[in-house]
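Colleague: Please model the complete structure; the sequences and the hints are all you need to start from.
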Amino acid sequence: MVYTKINLILWPVLIIVLYFTIPFYNTWLFGKVLNNNFIYECSNMDLEARNIERFGYSYTVYKDIEKTLGKGNNVKLLLPPNSYVQTKKIPDFIIPEPAVFYYFTGIKAVWPNSPDAASANWVFLAAGPGKMAVKKMALVHNPDSLLADYKKYIK
Amino acid sequence: MNFAGLFFLLTAQYICGRGLLRMFRAELKPVPAFCLSMMTGVVLISFAPCFLQLFHQPIAAMPAIISVLAITVLMSLPLLINFRKPQFKIPTMPLYYEWPFLLACTFFFLLAAWRSFYYPPYARDMLAGPDLLAEFAVREHNMISSVYTIDLQSTNNYFKSPFITCLQILYKLLVCPFGQVWMVMISIPFYIWLYTLLRERIHPLIAGFLLFFFITIPEVYSYSYIMLYDFDNMVFFFSGFYFLMRYLYKDQQKDFLFSAFLFGLATYIRTETVLMITMLIPMLLLYFYRNHYPYLKMAKRLLLFIVIPAAFYVINIDVFVRLFVPLKLDISSQVTDNLGNFAIILTRLRDIPALLVFSDEGLKLFGYFIISFLVLLFAETIFFRKFNRESRILLYGILVVYLGLPLLGYLIPLVDLTNTTKRGLFKMLPLMLLFMSNSNSLQYLSGRIAAWQQKALLPVKPLQPVLKPGGNKGKEIKAKGRNMR
Chain G
135 MVYTKINLIL WPVLIIVLYF TIPFYNTWLF GKVLNNNFIY ECSNMDLEAR NIERFGYSYT
195 VYKDIEKTLG KGNNVKLLLP PNSYVQTKKI PDFIIPEPAV FYYFTGIKAV WPNSPDAASA
255 NWVFLAAGPG KMAVKKMALV HNPDSLLADY KKYIK
Chain H
1160 MNFAGLFFLL TAQYICGRGL LRMFRAELKP VPAFCLSMMT GVVLISFAPC FLQLFHQPIA
1220 AMPAIISVLA ITVLMSLPLL INFRKPQFKI PTMPLYYEWP FLLACTFFFL LAAWRSFYYP
1280 PYARDMLAGP DLLAEFAVRE HNMISSVYTI DLQSTNNYFK SPFITCLQIL YKLLVCPFGQ
1340 VWMVMISIPF YIWLYTLLRE RIHPLIAGFL LFFFITIPEV YSYSYIMLYD FDNMVFFFSG
1400 FYFLMRYLYK DQQKDFLFSA FLFGLATYIR TETVLMITML IPMLLLYFYR NHYPYLKMAK
1460 RLLLFIVIPA AFYVINIDVF VRLFVPLKLD ISSQVTDNLG NFAIILTRLR DIPALLVFSD
1520 EGLKLFGYFI ISFLVLLFAE TIFFRKFNRE SRILLYGILV VYLGLPLLGY LIPLVDLTNT
1580 TKRGLFKMLP LMLLFMSNSN SLQYLSGRIA AWQQKALLPV KPLQPVLKPG GNKGKEIKAK
1640 GRNMR
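Chains G and H supply the protein sequences, listed in that same order. Sequential numbering from 135 applies to the first sequence in my numbering. Sequential numbering from 1160 applies to the second sequence in my numbering.
Simulated from the structure, these hints should not be mistaken for laboratory data. Note that this is a predicted model, so its numbers are computed, not measured. Backbone N, C-alpha and C define an ideal beta-carbon position, used for all residues, glycine too. Mixed in with the good hints there might be a few duds.
Claimed, not checked - Below, a list of computed lysine-lysine pairs in the DSSO-like style, where the Cα atoms sit at most 30 Å apart:
no., chain 1, residue 1, chain 2, residue 2
1, G, Lys-139, H, Lys-1545
2, H, Lys-1523, H, Lys-1581
3, H, Lys-1459, H, Lys-1413
4, G, Lys-139, H, Lys-1248
5, G, Lys-139, H, Lys-1459
Claimed, not checked - A short, non-exhaustive set of chain G residues, derived as facing chain H with CB atoms under 8 Å:
no., residue
6, Met-135
7, Val-136
8, Phe-158
9, Asn-160
10, Lys-166
11, Arg-184
12, Arg-188
13, Tyr-236
14, Trp-245
15, Tyr-287
Modeller: Put into structure tokens, the structure is as follows:
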């Protein structure tokens, strides 16, 4: 009887072990499920750290922009297309859509193909190899040409 | 995390859900009753911020608490009116051999709970939609916030159901800054309820494995903690379908009404669901016809079955979206203007199996779950050639989802294959799971395990089945169950 009871407990254990030896489930378990670093996560409960953990380098850039521009209602930032950023070789950085940018920063933004693009008073542009910066539109030499240049990158 | 706030919301959810079950006189065992109370309660308290907005009250912690309390008091009325002395029974503990699978499942539950708490909402549809709206509603104390003054041309997610927005508002105000933990308040009770359903049908060992197999569907597991509409939609579509199935068995009006109400909740979460609910009507008609329903009764039932989910659709689109979104919703622009192009239905019918099931991508999404179901279905068709009634109803449900999704893609061009259709397939997975538990192959295996167990554990004096004079198979199974313990 004891043997049967042990048998009944061991069968499910064996099935679970065998289940995760199937290559697909093994990869999933170790690649997607057991990839939490709980020690790191428990010692980094700060909201910003959790956001950075989730959204990566892009999030720190959004926050830098927020610090630079503040949350004034009078700011409207022209965002470049993602393909423009890729040609400037800025790794791990994604330009979000205006709604998502507003979610992270509280700053209004527009895309170059937006009907309001011309009303943007700040612009996010390349400032040398691998660098991006925000600049007042008033200081841009030829805003129309910049806008036209951005539009070229829209697929 | 504010544990007091969490406790308050959990209690409110439970009372609301319990009140709802009493209102529909749903007779369930303690564990399923608890699980369904928690699941439905989440949706009921989600209306709280909507009421605040309707009555022009600020979106803040204290008004939110009062609003939740008001809903809870209202929903507890059925409990108070039909007051019964509560019975505090000690729940039956799982048998010793159920623990390995249950512990493995618990590990996945805890991990989902941790991830929903620790990480911020991630899905793009949420960041450009419900979570954006919730975040600024909390900051500006109004659901009609500054979000509507920004460039929203790249998204239409603000037109979706306020279900997630409202829950995010409540949880951000009362529990934790990222909200989102309410996801596991739906997913964990749902999984536990599924287990009780499986266990009623098949040997606990196989039930444990099937639940484990279901939990480890990669895409479904991800969405048990990543906030989006589809997991919750699956939960309430399945719940509605389950009670519809009960109605088809027991012919009790209360099950029928509760089913329609649960389908209504599914429609409230994703409005397109109403199409699939309509596709269930032929099955109902057949049932009415076979049971010789009078025409008037038939018409009344059909009307109720359509009107209740449609009412949720109207509340969603014509009340909440119209009042809370200061932009014009043009539904006609979302519906195709090329109704003659049926090719898209055929293409979708081909692409769903080709790209979402029998492909590397399909494997990544659903593991071997759908393939196993198909293998089992094939074996049933070839070797057993017999499906019980529940299996036939479930197969009809699966077919409705499989045909309904291409139809949606045909009617609404925004319903694409790789996102909406892919996640829409979730709705058929619990149906497949229940079908598996009903399959003759697994029932046979279940019987073999039970027989072996009985023989091994009680070799000398087996219990005689307790039979009623007329014979009662149910009692016989119970007697075997006692033996197993």
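Colleague: Provide an ascending list of the numbers of those earlier hints which the structure does not satisfy.
Modeller: 1, 5, 7, 9 and 15
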